Structure formats: C-alpha cells, structure tokens
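**Q** Please work from the sequences and hints to get the whole structure.
Residue numbers (numbering that gives the first Met the number 0), protein chains in the order written: chain F, 0 to 288; chain P, 0 to 320.
Think of the hints as simulated: they come from the structure by calculation, not from any bench. Treat the hints with care, since some could be wrong.
[To be verified] Here are some of the chain P residues that sit facing chain F, going by a computed Cβ distance under 10 Å:
#	residue
1	Leu61
2	Leu112
3	Trp135
4	Met264
5	Gln287
6	Trp291
7	Met300
8	Leu304
Quick caveat: nothing in here was measured; it's all calculated off a predicted structure. Positions of the beta carbon are idealized from the N, C-alpha and C atoms, including for glycine.
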Amino acid sequence: MTQLILFNVFNGLIVGAFYALMALGLSLILNLSGVINFAHGGFLALGGYFAYTLIPFIGFWGALLVAPFLVALLGLLIERVLIRRIYGRDPLYGLLLTFGMAFIFEDGTRYVWGAQSLPYQIPAWLAMPLSTHFFFLTGYRLFMMAIVAIAVIGLFLILNRTRLGMRIRAGTLDLDIVSVLGVNVRLLRNLNFGLGIFLAGLAGVLAAGLLGLQPTIGDGLIMPSFVAIIVGGLGSLPGTLLGGLLIGVASGLTTVFFPSATEAVMYVMMALVLLLRPRGLLGEEGRLQ
Amino acid sequence: MSTDILSDRKKLAWNALIWLLLLTMPYWMPLTGGYTALASRVVVLALAAMSLNFLLGFTGVLSFGHAAYFGLGAYGVGMTLKYLVPSTGLGILVGVLIGTLAAAVIGALIVKLRGVYFAMVTIAFGQVFYFIAFRWNTVTGGDDGLSGWQRQPIDLGFTQIDILGNDKAFYYLVLFCFAISVAAMAAILQSPFGRTLVAIRENERRARFLGIPVERHIWLSFVISCLFVSLAGALYALMNNFTDPRALRWDQSGNFVIMAVLGGMRSFWGPLVGAAIFVVLQDYISSQTENWMSFIGLFFMLVVLFFPRGVLGMIKRKTAA
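**A** Right, dumping it as structure tokens:
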C-alpha cells in the first residue's frame, strides 16, 4: 500500500510538474498581456514533434536543447504577426484568435507527422528503473523532474535577477507606467510571449519521452493548467507553480483511492478555492476585477 | 441597442422578414443545396448562440464554457428517453432542468470573477461535465456516446405529431421552441431587469454605485442564458437521436462564441446570422476536405482580425454613418 501511494504521489508530482510548466507559460502571457493562449497546447505538441524530427540529426540531447528554442522562435514570430493585434481589446478576441490557432496547429501536426502515435527514443540508460523495489523510479522520470526544476529555477532567476525580468514583473503591475518610463513595451511583450512559449516547447519535448507523440498531446494539459492558475492565485507565478504541483499530487492520490475521479478532483479543488478564497492561494488582491 | 438607429417601423419589417424566412426555411433550403436537417441545425445552434449572447452581448460577461450546459441538456433528454420514460416533452424538461441547476451552482461560484478570469473558469468548469460524460461509461456510453434511443412522437391528446419520421414536423417543433425562447429573452431584455444588465455591461462600477446588486444580476443572467442553451442542447440531441461527449467539449463553446461574434454580438439577431453562416460553412467545408479543422481555425482568425463587429454590427455602422 505504501508503495502504491508513493508511486502515485510521485506520478502526481511528475504530472504536476507538466501542469506547472504549461501553466507558468500561460500565466506569464496572461499577466503581462491579458491574453489566454489557447494555442499553448499546440505549441507544446510542436515542441515534441520538432524534437522528434531533430533527433536523427543531432541526437537526444541536442534535440532537448534546440527544439524548445525553435518553438519559442515561432512564438516570437506569431506574437509579432498575430497576437499583437489584439492587445487592449476585449479578452474575447484573444481567446477566439488563439482558439483558431489551436485548431490549425492540431490539424497541421496531424498533416505533417500523421495522426498515429509516434514513439520517442530516449537513451537506454535513462529508461531503466533505478531500483527493483521502487520500480517506478526510472531514470527518465527523475531526469524530467530535474529538468523541470532547472527550468523553473531559471525562470525565477530571469524574473528576479535580470533587467528583462524586472521589466516583466513591473509591466504585470502597471504596463502604462513601464511604458512611460521608456521601456519598449512592444518588445517586452514579444520577449515575454517567447519565454512562455519556450516553457511550453520544453514541456512538449519532455512529455514526448514519457508518453510518445500524438497531435492532441497538449489537449489534456491545457485545462489543468487553467485550473493550476486559478487554484494557485491570479497574477502570482509562485502560486501557479504551487497550484500545478498541488493538483498533480491530488490527482495522483485520488487515483489510489477513487480512480474514476482522477480528473474531477482538480475541479473540486478549484470550486473550493473559488468558494473560500476567490483570488487563489497566493493570489494578489484586486486582480479579480 | 438598435432602437436609436432603426426606427420602430423598420425594425418591425426586419422582424417580420426574419420570421418569414425561418417559417419557410424547410421549403427554400433545398433550393440552395441544403436539406431540412440542416435547417434544424441552423435554428438549434442559433438558439444556443443567442442564449450565449444574452450573457455575452447584453450583460458583457464572457462565458467560454456554455457547451457544458448545452451538453447537459443533451444528455438530460437522451438519458430520460433511454432510461426513464419515452416522452419527448418530459425529456426536454429534464434536460433543461439539469442544465439550469448546474448553471445555478457553478454561477454562484464564479460571479465574483471578471473578464478574462471569468472566461477561464467557465472553460475549466465546462470540462468537469466532459469528463463525467467521458468516464461514466456504463450510463453515458463514454466516448462512443449515448445511443439506443430516439425522439418520440408528441401526443397532444387530440392528435399526434410524428416528429421522428417527418423531418419538417421536427423542424417546426424546433422553431416553436426557438420562438418561445427568443420571445422570452427579448421580453426580459426590454424589462427593467434587462435594462439593468445592459447598464452593468456599459459601466459596472457606476451600476454598483447606484446600489444595483451586480453579482446577483450577473448570476441571474448566467442562469437564464444557460437555461436556454440547455434547451438548445436538448433539441440538438433529439435532432441526432444521439449525443456524445463532444457536445460538451470546449471547442463547442468556442463555436457558440464565434457564431455570436460573427453575426454581431451587440445586436439581438446577430447570433442567428452568425449561426447560419457558420453551420452552412462548416457543413460545406467538412464535406470538401479532411483538413476542415484548419479552415475553421483560419476562419476564427479572420473573423477576429477583420470582422470583430460581426455582420450586423458592420451593417449598422454603415447605416449610422
């Protein structure tokens, strides 16, 4: 029993790490630009597929490094051409625009790489279980956790220690003032969008190694990411991280005791949070309006 | 609203034209290459989009999760007919009741949120019902959908209406429900309550300072909107004699929103126009190409970038200028 619980908690942590990675990217974009990026799952899938295509040429490690950057580059381009046009307009338009993009991404990946599931090669030594007793501790899972941890620490270092990060945080509070102070807000939003998409691309590469690839791989991750943002707290990135891990572990634990409610439990958590603390666990006051 | 631009007489003429077109649709639809079932689809989805627009266009609150209540209506009617009683009327009633109840509970949880956050929470809550329908195999049929039932003739006591065998009869049942719902929504919007909703849309803070209980109004508007959308869902399931989890998935919600926007969300009839265009276009594209998703996606983007006011919004602007 202990082993079963441990297994599912650990599984939940991994899933939660994915949620968090997705949700952090979404949150970055939402906080600074007020756009819910529905196409985030599509970017995630592209990350996986780019890596899949790159592996024969530059190997597993090269793909892991390069694919997220390629996706981020695409993100920068799309922000510049499309997303930029809907800033400052009713949030409705951002939703619809990215919604349409999500359709095109899904269809496009299916067109290029096919609808069937593709296997994703990971180095043999990473696929081995580390312990016979704790069979679920494969090297790849630990490795994934490590990469996610590095990415998250890196993100918070960028946000807290660099000029760009400082501007992003300031812009989240009051973009007009930041603009008046002479910061190029267009560029800032562009880079911020790219940063968010980078995280989605990275999540995609990692997810490919765990689950294999299919065009809808991002679909199952986008809703939990919304839940993570709401549970964790509106406007708070640490909150988003916490929310993602929390709902991941909660789903994992529910799998042990009440498997058919695995997906439902996070929505129950969201309902509770909205009931008891509408701004979310670590949310800032005044973000609700 | 439109009263200041169009005179009352002109408005009356427009209304008469719209109803005339709707009443005769099964007869002229085949001439344009359509079929009766397509006409039913247009009217059902128009009802859904107009219900959504009650909230979106006239209260100024963006719900991106209306498919959930649409789907609840669909499953409500399907499960009633399959497991409880073979009565179309009762099935519709149960479907609407379930959808409205769910909206009342969820609405109470989310009325404090605004704008983009409201949208996000409605999407997320919408997924709950998707998962229930998807997971609860034994009752809902899971991914394969709920089948093995069909709409029943309506017994009026003195006569029976065969809505199962006769496509046109079913169309007029749909139109009848549509007419009642639309009239009810129009009446609500004309009432002091409806005017208050528009006031909240225009300036929530001012409405609040005037002592209007904004949360309660938004909640009620949400529930009313979901009531009619679940009716649309029930009719949709009856139309297909089938429903599946896709009826309550988020892309269905997106379709409702794009219909409202495409037609013009600031006008009462806008979503009807939007639904007509969308349904016919989708029907055409999905019969022409396997990659219809890309075309629909592209269509969404084009509407956002070039037609944000919608068809009726643009016409109105031109006549005003």
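**Q** Does each hint hold? Answer for all of them.
**A** Against the structure, the hints come out as follows:
1. Annotation: Leu61 of chain P was flagged as interfacial toward chain F, and the flag holds, the nearest CB pair being 5 Å apart, inside 10 Å.
2. At its closest, the beta carbon of Leu112 of chain P sits 6 Å from a beta carbon of chain F; the interface hint therefore holds under the 10 Å criterion.
3. The interface hint given for Trp135 of chain P holds, since its Cβ lies 8 Å from the closest Cβ of chain F, which is under the 10 Å cut-off.
4. This hint holds: Met264 of chain P has a C-beta 8 Å from the nearest C-beta of chain F, less than the 10 Å allowed.
5. Interface restraint check for Gln287 of chain P: the shortest CB-CB distance to chain F comes to about 14 Å, outside 10 Å, so the restraint is violated.
6. Checking Trp291 of chain P against chain F: minimum C-beta separation of about 8 Å stays under 10 Å; hint holds.
7. Restraint check, Met300 of chain P versus chain F: the minimum CB separation of about 4 Å is within 10 Å; hint holds.
8. Here the hint on Leu304 of chain P is kept, as its CB sits about 6 Å from the closest CB of chain F, short of 10 Å.
Checked against the numbered hints given earlier, the structure breaks only hint 5 and satisfies all the rest.
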